[in-house]
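The task is simple: from the sequences and hints, build the whole structure.
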Amino acid sequence: MRTKQELGAAIRRDRRAALVVNARSRRGRRLYEHARALLTRAGFELLGAYPADRPGELERSLDDALALGPDLLVAGGGDGTQSAAARLLAHRDVALGLLPLGTTNNFARTLGLPLDLASAVAVLADGKVIDVDLGLAGDVPFANHVGVGMSADIMLRTPPALKRVTGRLAYPATALALLARHRALRATVRAGDATHEFHTHQLYVANGGFHAGRPVTADIDGNARLLVAYPVSGPTRRGLLRDTARNAATGARRTLAETSFLAVGELWLETDRPARVEVDGELCGQTPIRIGLAANALRVMAPADALDR
Numbered sequence: 001m002r003t004k005q006e007l008g009a010a011i012r013r014d015r016r017a018a019l020v021v022n023a024r025s026r027r028g029r030r031l032y033e034h035a036r037a038l039l040t041r042a043g044f045e046l047l048g049a050y051p052a053d054r055p056g057e058l059e060r061s062l063d064d065a066l067a068l069g070p071d072l073l074v075a076g077g078g079d080g081t082q083s084a085a086a087r088l089l090a091h092r093d094v095a096l097g098l099l100p101l102g103t104t105n106n107f108a109r110t111l112g113l114p115l116d117l118a119s120a121v122a123v124l125a126d127g128k129v130i131d132v133d134l135g136l137a138g139d140v141p142f143a144n145h146v147g148v149g150m151s152a153d154i155m156l157r158t159p160p161a162l163k164r165v166t167g168r169l170a171y172p173a174t175a176l177a178l179l180a181r182h183r184a185l186r187a188t189v190r191a192g193d194a195t196h197e198f199h200t201h202q203l204y205v206a207n208g209g210f211h212a213g214r215p216v217t218a219d220i221d222g223n224a225r226l227l228v229a230y231p232v233s234g235p236t237r238r239g240l241l242r243d244t245a246r247n248a249a250t251g252a253r254r255t256l257a258e259t260s261f262l263a264v265g266e267l268w269l270e271t272d273r274p275a276r277v278e279v280d281g282e283l284c285g286q287t288p289i290r291i292g293l294a295a296n297a298l299r300v301m302a303p304a305d306a307l308d309r
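Quick note on numbering: the UniProt record's numbering labels position 275 of the sequence shown as 275, and the sequence is numbered without any gaps.
One should not assume that every hint holds.
Label-pair restraints from in silico Cβ distances [unchecked claim]:
#1 R60 with P160: 38 to 46 Å
#2 S260 with A122: 35 to 43 Å
#3 E258 with D14: 45 to 53 Å
#4 E45 with D93: 13 to 21 Å
No wet-lab data here; the hints were simulated from the structure. Here a beta-carbon is modelled for each residue, glycine too, at the ideal position from N, C-alpha and C.
What follows is the structure, encoded as structure tokens:
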């Protein structure tokens, strides 16, 4: 493995990259050619370029792009796309370049990346390689969060066409349709010698600092070797609606010192009945599940002034 500095120097010098864009994401289909043109204009030699627009094609395209031997693999899409790329590139001598083309772009926000395409390409050209932590849901790496309860049911039910048309509003629209028949879960979180009980419609475990495009708290550090588990509300449906709105409005003012947040390095999550698990917006098994951390598992291109541990 090259050092981060050596890998960054190779990217700036040789500009050897491969591009994969999830053309099924909200903006991916529309912006694929523009992204390709911007990368070429920035001096990158594109060893391959792949617009993945069919079910199952994204993972194959990422594999094909990696096989070309780039120093930088550029992934354009939303958090599901970035998470798929992160899983592939974990512990490899290749940097991930992010083009945030999705609905909420939580991973890009956690890293402090610009959300407009031209500025994101400028970071790839002039930024630096840093290490970031990944979470582990069982054996599956993730960039942002694990969700159990309502969010997993929403991921199962939200139509892709609705996401493309309405953006992040697709999720609350689907949630309202599901809420009337949704049952709260009794969740048990075991961390070390401590056991925590929650009765809630929704439990998250965050690795990154953003959820649904909003800050979880003002002081979550996406590279601090900590996971943050928290329920959205108690067992009532009215409370779920109220607290979802409150969290979105006040996340930037909340802190981890509040009692609803549990910051740990590893946990075991059980529920009173098997519950679907979503990992960065993609369905991934069910409870019970172990959730842990892989420290400094991924190399990404970040702004030149980004904090690196």
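Against the structure, the hints:
1. For R60 and P160, the Cβ-Cβ distance of about 19 Å falls outside the hinted range of 38 to 46 Å, so the restraint is violated.
2. For the pair S260 and A122, the supplied restraint of 35 to 43 Å holds, since their beta-carbon distance comes to about 38 Å.
3. The beta-carbon spacing between E258 and D14, approximately 47 Å, falls within the hinted interval of 45 to 53 Å.
4. With their beta carbons about 18 Å apart, E45 and D93 fall inside the hinted range of 13 to 21 Å.
Of the numbered hints given earlier, the model fails hint 1 alone.
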